[in-house]
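A.B. asks: Each chain, written out:
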Amino acid sequence: MIEAHNLSKHFRGSRRGEVRAVDGVTFRCEPGQVYGLLGANGAGKTTTLRMLATLLQPSAGSARVAGHDIQRDSPAVRSSIGFLSAATALYGRLTAREMTEYFGRLHGLDGAPLRKRVRDVFERLEIDFGDRRCDTLSTGMKQKVSLARTLVHDPPVMIFDEPTLGLDVMTARAIVNFIRECRAQGKTVLFSTHVMSEAEKLCDTIGIIHQGSLLAEGSLDELRVRYQRRDLEDIFVTAVES
Amino acid sequence: MSARNVAVVYRKELIDSLRDRRTVVSMIVVPILLMPLLTVGIGALSAAILGQAMQEVPRVMVLGGQDSPRTVAALQTLREIRVVPAQPDYVDEISNKQIRAAVQIPSGFDASLERGETPTLRIYDYAGELRSGFAAVRLQNFFRGLRERTVRERLQARRLPESLVDPFRVEEQNVAPPEKVSGTLLGGLIPYFVIVLCLIGAMYPAMDLTAGEKERGTMETILCSPVSRVHLVLGKFLMVLTASLFSALLSMISMGATFHAARGLLQPLEQLGGTALPLQFSLGAMAAVFLMVVPLAVLFSAALLAIALFAKSYKEAQSYLSPLTIFVVLPAIISVLPGVELNTGLSLIPVLNTSLVSKEIIAGSYHWDYIVLIFASSCAYASAALAVAIWLFQREEVLFRT
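Protein sequences appear in the order of chains A and B. Using the numbering used here, you'd call the opening residue of the first sequence number 1 and step up by one each time. Using the numbering used here, you'd call the opening residue of the second sequence number 1001 and step up by one each time.
Heads up, some of the hints might be wrong.
Pairs of lysine-lysine residues, derived as DSSO-like cross-links and limited to a Cα-Cα distance of at most 30 Å, are as follows [stated by the list, open to error]:
| # | chain 1 | residue 1 | chain 2 | residue 2 |
| --- | --- | --- | --- | --- |
| 1 | B | K1097 | A | K142 |
| 2 | A | K142 | B | K1312 |
| 3 | A | K116 | A | K142 |
| 4 | A | K142 | A | K201 |
To spell it out: a stretch of chain A is covered by chain B in this simulated footprint if at least three of its residues, at any positions, have a beta carbon under 8 Å from a beta carbon of chain B; those stretches are [what the hints assert, rightly or not]:
| # | segment |
| --- | --- |
| 5 | 28 to 38 |
| 6 | 73 to 83 |
| 7 | 89 to 95 |
| 8 | 165 to 175 |
Keep in mind that the hints were calculated from the coordinates and are not lab data. Everything numeric in this text was worked out from a predicted model, so none of it was measured. Heads up, the beta-carbon is just placed ideally off N, CA and C, and yes, glycines get one too.
Please model the complete structure; the sequences and the hints are all you need to start from.
C.D. replies: Here it is as structure tokens:
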């Protein structure tokens, strides 16, 4: 479960003054649900997800992830999430197995249970290149190892920041299927995207975010009724322009 | 749990860094090869240059001397020089290296000597030019011999003993033990190399583990783990410290081996009556120097980590850290200068204090009050730098600087 209440993040830049990257965002994402934050570049998606992953401290508001407060109990929050974004790369000089085992250890696993867990995750993601260094892997292979890294501690909450950005069709499709699997397993899934088709296919709830504010929220059908549009792109444009 | 987390991060950083070519070169290859290359390389080069210069029979011009055939003939028979015909543009010829030196023999030189007068000769050479200097030295040797012969002849003619011009002799006896001589001559050089290599060894891992991670996009990955940022930075810091200390240790071993080999090579020369090179250091002194370098390595590691963490990319980190080497090299050079002695004020200046006390330790002098003060002040600076690094690692504006 993810509950964000009035979550805000303000940055102070020397040139631009105070920038309200996220401004009072409130939403809720239940277990077994996929919540999609839909927004253009610079809308505040990444900053919101980074706050929920405790990488950034909110300027105001609060949030709970898997029952843990993001400010008071940040290590417990990080233990409960698998966070994947375009900015979470792999250690090129480590092998896929070393990379996954390293993150398993950071999550407190060790010895035989760690090895078994890595074996299971590799089987599930069909990783048969565990002993190859990450800097020799293709983009698709790297994405699989990144997924293994997020899954090694079997978190109840998955947060994906534009997970298909820059990927080819087949790899992007594999990611979409993976998100569906996570939902089927009862995990809470929050993901951000600016790809309308992805949001249409995957999301139980869509939140339209623009200039740091959540403009609209609901299932695709609810949004269609509210904005009297069929196509999600039209809904998005109408919400942003109004 | 916290020590375990630091150990997990450290272990990973160690494996990762040992697979990085740049880190391996700066941490292992440079410290091992620098000293032998410097001593053997520079030694061989200077020996070759000197040897060539000494083998050359310099062309020398004798100016005047038409009325002093005895002296001119003696000069012409010298095998160490080749006398060439006098020309009026001898200064240009020396400058253009067509001849190496010239000697002006005053008119009536031979006759003046016979009369017991004191005529003046003038040798022309090009100061700072090695081969010209050698030619001038050979001329001076010749005329010194002529002067001594003339003195003896004049004394004999007057039936006076030679002791008249040689009333007493002065002998010099060294009482300093070989370590002390080594310490004075080379003592400054050892800490200089160890300290500089300590810095170089830490530099690449410090950049790789901070700015390098930001550039490669792994910083955000690691920050997603439940391990606290303090434990993360401590794991990284320990890796940088390992590289720094390992570089220092390897450089000392390499230096010891080089000096040992050099002593072995020079022993035959010493037996033939050559000057003994002061290359004796005790293992205890080397261990004490290493111990003094430890807090300095902590200071370097933490400071480099903090500065490199601020950078967004490897390139930016390099531009911040490269000028920093001046702040390390400069005090290390000052400590090598003659006359710079340890005192309470200098004991508080980082780098310079360690360099100076190491010089003393190698020379066999243990000033315990200074050693304690320097160790304590270095530890204080190191702790402050580490605290800054930990503080910076918790600042999101530093970690996510765009």
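A.B. asks: Each of the hints needs a verdict: does it hold here or not?
C.D. replies: We went through each hint and held it up to the structure:
For the hint linking K1097 (chain B) to K142 (chain A), the alpha-carbon distance of about 68 Å lies beyond 30 Å, and the restraint is violated. Taking the CA atoms of K142 (chain A) and K1312 (chain B), the gap is near 23 Å; set against the 30 Å cutoff, the hint holds. Between the alpha carbons of K116 (chain A) and K142 (chain A) the distance comes to roughly 21 Å, so the proposed pair stays at or under 30 Å and holds. Straight-line distance between C-alpha atoms of K142 (chain A) and K201 (chain A) comes to about 24 Å, which keeps the hinted pair within the 30 Å bound.
As drawn, the segment 28 to 38 of chain A meets chain B at 0 residues by the rule of a beta-carbon pair under 8 Å; below three, the given contact is violated. Residues of the segment 73 to 83 of chain A with a Cβ under 8 Å from some Cβ of chain B number 6, which satisfies the need for three, so the listed coverage holds. Coverage of a stretch by a chain is defined here by at least three residues with a beta carbon nearer than 8 Å to that chain's beta carbons; for the segment 89 to 95 of chain A and chain B the count is 6, and the condition holds. Check on the segment 165 to 175 of chain A: 0 of its residues sit with their Cβ under 8 Å from a Cβ of chain B, so the three-residue criterion for coverage is violated.
Hints 1, 5 and 8 from the list above are not met by this structure, while the remaining hints are.
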